[in-house]
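*Asks:* Residue strings, one per chain:
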Amino acid sequence: MESNKVLDAKGLACPMPIVKTKKSIQELNSGEVLEVHATDKGAKSDIAAWVKSGGHELLQDTEEDGVLKFWIKKA
Amino acid sequence: MSVKTITTNEVAKKVVNNEETTILDVRNTDEFDDWKIEGGKIDVINEPYFNLLDGIEDVEDKLGKDQEIIVVCAKGGSSQMVAEMFDEAGFTDVYSLEGGMKAWSEHLEPTKIADLTGGGSLYQFVRLGKGCLSYFIESDGEAALVDANRMIDIYEKFAEEKGVQIKHLIDTHLHADHISGGRSLAEKVGGTYNLPPKDATEVTFEYRPLEEGNNIVVGNTTVKVEPLYSPGHTIGSTSLIIDDQYLLTGDILFVESIGRPDLAGKAEDWVGDLRNTLYKRYKELSDDLIVLPAHYSFSSELGEVGQVSARLGELYDKNAGLQVEDEEKFRSMVTDNLPPQPNAYEEIRKTNMGKVIPDNEEQRDMEIGPNRCAVHG
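Chains as they are written, first to last, in our numbering: chain A, 1 to 75; chain B, 1001 to 1377.
Everything labelled a hint here was simulated from the structure, so no lab data went into it.
The reader is advised that the hints may include incorrect statements.
Partial list, derived from the structure: chain B residues whose beta carbon lies under 7 angstroms from chain A [as the list claims (entries may be wrong)]:
(1) Phe1032
(2) Leu1053
(3) Ala1074
(4) Gly1077
(5) Ser1078
(6) Met1081
(7) Phe1158
(8) Ser1286
The beta carbon of each residue, even a glycine, is placed where N, CA and C say it ideally should be.
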């Protein structure tokens, strides 16, 4: 899936994946897509919940070899 | 700047001592709704940490600046961040729970239940974070441990403090909600692992069959552990009568609910066994037996000193699961309203059979969440 920016949050523990995701999305324009890579398992439900509370849209998420990937469309 | 932290041990004392305690749980709301710190006089509010990144104004007004506040998250990282924000905002008595809910899930709180024949005693270990109950019976320098959790070093330390040697490890059934510590502790201390044979048909290790007539004696005195076949939660489920006074019901009968029959097979197949155990087998026993279950679901089940127990006769009067005279009604109550199954229950069963050996971190993750072994009538 295409994205405008990729954030590597691998190896970071909670709360850093969300802190960095929030910062990265602020740098995007509305409608653009941020791709996030993380290894902290808690990121899965936290990113989904954060996206919802911020009004953004989680386009897709995958999990492969312990790496979680998210595609978030900015509101 | 470092923020003050609090251990699970200190929080557990607050729960069992009924101290007024305010917890700010900063996990996401789904996880909070699924499972949280409860009991005693705990007052808990939820506000996910990611809603507080721009400031704590939304929750600040709900809390006093001098009030003791314990911030809790999944593993202890986010709670530390949020506690620091409160500290900077002028809150003076804020703590972050070390290790978060993951550590809370592993805390065991021992409570003495009774003195037994010949100077022995019976302890209940309450796993407050998960509602699991295990039992430590000691007499004359020896101990038996029933339905032990994975955190075996806690029991070992306890045995050491009491100056007793753990000889017998007993599981009332093959557990589906938590990883048993029985087998690994038996290996470590050179004890015997006892398991009901009907639950052990697929296991990959040696065990001693826990069967009626195969009594276990703890110490040289006569603290008798008497198995009573009581199927229903699993086909092998076996209760234990300790010292003719205490009935360890495993996951068959709880204080405010009854066991669910679907975690190891089909509810339809075992509901008849469950009914027979609850409405016939247990009824033949003395009403004065004290029931000690392997789980509790509600903080209301915790007694005055944080123990979970009740007279069998009292449960026949009050427990909703024991009041359904009509067999068809009982059947539909037990099979129609089953709660969601515990986290990773199939993997947990395989681990307890010895079929898979997850590493320590995987085992911790598999056990996250509530136990959900009961049906509430």
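*Asks:* Decide, hint by hint, whether the structure agrees.
*Replies:* For each hint, the structure was consulted:
| no. | hint | in the structure |
| --- | --- | --- |
| 1 | Phe1032 | 10 angstroms, violated |
| 2 | Leu1053 | 6 angstroms, holds |
| 3 | Ala1074 | 5 angstroms, holds |
| 4 | Gly1077 | 5 angstroms, holds |
| 5 | Ser1078 | 4 angstroms, holds |
| 6 | Met1081 | 5 angstroms, holds |
| 7 | Phe1158 | 32 angstroms, violated |
| 8 | Ser1286 | 48 angstroms, violated |
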